[in-house]
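One line per chain: the protein sequences are P and U, in this order.
For the first sequence, this note's numbering gives the first residue as 1, with consecutive numbering after it.
For the second sequence, this note's numbering gives the first residue as 1, with consecutive numbering after it.
Think of the hints as simulated: they come from the structure by calculation, not from any bench.
Treat each hint with caution, since some may be false.
Stated by the list, open to error - Computed cross-link-like contacts, EDC-like style, restricted to lysine to aspartate or glutamate with a CA-CA straight-line distance of at most 20 Å: (1) P/120 / U/122; (2) P/35 / U/136; (3) U/120 / P/122; (4) U/120 / P/118; (5) P/22 / P/58; (6) P/120 / U/123; (7) U/110 / P/136; (8) U/127 / P/74; (9) P/127 / U/118; (10) P/2 / P/74; (11) P/22 / P/136.
What the hints assert, rightly or not - These stretches of chain P come out as covered by chain U in the derived footprint (C-beta under 8 Å, 3 or more residues): (12) 99-107; (13) 149-161.
Computed from a prediction, not measured in an experiment: that's the story for all the values here.
Glycine is no exception: its CB is placed at the ideal position from the N, C-alpha and C atoms.
2 protein chains.
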Amino acid sequence: MKLYTYYRSSAAYRVRIALRLKGLAHEQAFVHLRKGEQSVPSYRALNPQGVVPTLEADGAVIGQSLAILEYLEETRPRPPLLPDDWAGRARVRQLALTIACEIHPLNNLKVLNHLATECKLDEAQRKLWYHHWVGEGFRALEGLLAEHPATGRFCHGDRPGLADICLVPQVYNARRFQVDLALYPTIRQIEAACLALPAFTEAAPEQQPDAE
Amino acid sequence: MKLYTYYRSSAAYRVRIALRLKGLAHEQAFVHLRKGEQSVPSYRALNPQGVVPTLEADGAVIGQSLAILEYLEETRPRPPLLPDDWAGRARVRQLALTIACEIHPLNNLKVLNHLATECKLDEAQRKLWYHHWVGEGFRALEGLLAEHPATGRFCHGDRPGLADICLVPQVYNARRFQVDLALYPTIRQIEAACLALPAFTEAAPEQQPDAE
Numbered sequence: 001m002k003l004y005t006y007y008r009s010s011a012a013y014r015v016r017i018a019l020r021l022k023g024l025a026h027e028q029a030f031v032h033l034r035k036g037e038q039s040v041p042s043y044r045a046l047n048p049q050g051v052v053p054t055l056e057a058d059g060a061v062i063g064q065s066l067a068i069l070e071y072l073e074e075t076r077p078r079p080p081l082l083p084d085d086w087a088g089r090a091r092v093r094q095l096a097l098t099i100a101c102e103i104h105p106l107n108n109l110k111v112l113n114h115l116a117t118e119c120k121l122d123e124a125q126r127k128l129w130y131h132h133w134v135g136e137g138f139r140a141l142e143g144l145l146a147e148h149p150a151t152g153r154f155c156h157g158d159r160p161g162l163a164d165i166c167l168v169p170q171v172y173n174a175r176r177f178q179v180d181l182a183l184y185p186t187i188r189q190i191e192a193a194c195l196a197l198p199a200f201t202e203a204a205p206e207q208q209p210d211a212e
Numbered sequence: 001m002k003l004y005t006y007y008r009s010s011a012a013y014r015v016r017i018a019l020r021l022k023g024l025a026h027e028q029a030f031v032h033l034r035k036g037e038q039s040v041p042s043y044r045a046l047n048p049q050g051v052v053p054t055l056e057a058d059g060a061v062i063g064q065s066l067a068i069l070e071y072l073e074e075t076r077p078r079p080p081l082l083p084d085d086w087a088g089r090a091r092v093r094q095l096a097l098t099i100a101c102e103i104h105p106l107n108n109l110k111v112l113n114h115l116a117t118e119c120k121l122d123e124a125q126r127k128l129w130y131h132h133w134v135g136e137g138f139r140a141l142e143g144l145l146a147e148h149p150a151t152g153r154f155c156h157g158d159r160p161g162l163a164d165i166c167l168v169p170q171v172y173n174a175r176r177f178q179v180d181l182a183l184y185p186t187i188r189q190i191e192a193a194c195l196a197l198p199a200f201t202e203a204a205p206e207q208q209p210d211a212e
């Protein structure tokens, strides 16, 4: 199993956590996004979209972090990243997708770069943009978490899973952009519970061999 | 089963297709996004994020279209929306997520509104923004589809599934914004195959009771 990753990619960070939670041995290949290594033909052949992560496993090449996580769950089910019951799985996927489809896509490196170079937004305007979408997303997440009886030490019960795997990189990213997290006590509690686990801390950007 | 929908929402459109492909009877409730009905307390109680779609089913309330589609697949497996093999499922999810996480989030109504009101981009600039992200996403999708032996009449083989369900609303949306689709022959062929099926045409925005 081989993971193509970049230390600062939130999507790669998700997969790094999952591989560790499941205890899966793997090689890593580093794709330096700021140097444009995602656009070289050898990488585009694996991932026509030119994004990280990509996972090579069992003879297949899989892109999109949530597709990789579902694949790992199907082929290496223990320990599970999803609950046993369909209602729980639907809830966990909703939480994960709220991050993956509503917050992260608006705030990643390529979008912030585009806002600077094509839309001519200055740094202060880009920060406002970032804070707006994280704020909207985190308010929704805090609501989904704080008011639900299934929330436990983690997003769903007392075992880390798919939603936590998406949450921790997004919170990490928000801290980098000085988002005030005081409004989101449940999110912070869950983050703290995750960061007590080596699978999460070892997957953090600054712990990666390609960190700068 | 009750679907909260808005005729022009691409995410709701995905669920409308899936319910029809699976032949599932359901009620509909209409949430008028341009009138702000997604923000009234009664709807926020169901969906704290204030987005459509939401599905009420089996005593649960599920948000996020892909979480709903996975839920339908788990609880009403026939006809399937995902292939039987894990490699096929990973590929189909990758295609669906390329649309749901990389194209659609950058181009939906709330983002286009924000670009106008907060970022002061004029209509021409917003159209450039729209075309940029659809172009980048469709080039990647065309690559993933055109060069892969598993692509058939539909995104994966000769049966419509999760990826087609995401593709058709995105292509519909792109046509509204005058995106030139000539560069994407495989996408257009698959769209045509889908639009030969009543499940897709009946789910189209202009066919909905709340269409204006």
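Subject >> In rising order, the numbers of the hints this structure does not comply with >> reply: 8, 11 and 13
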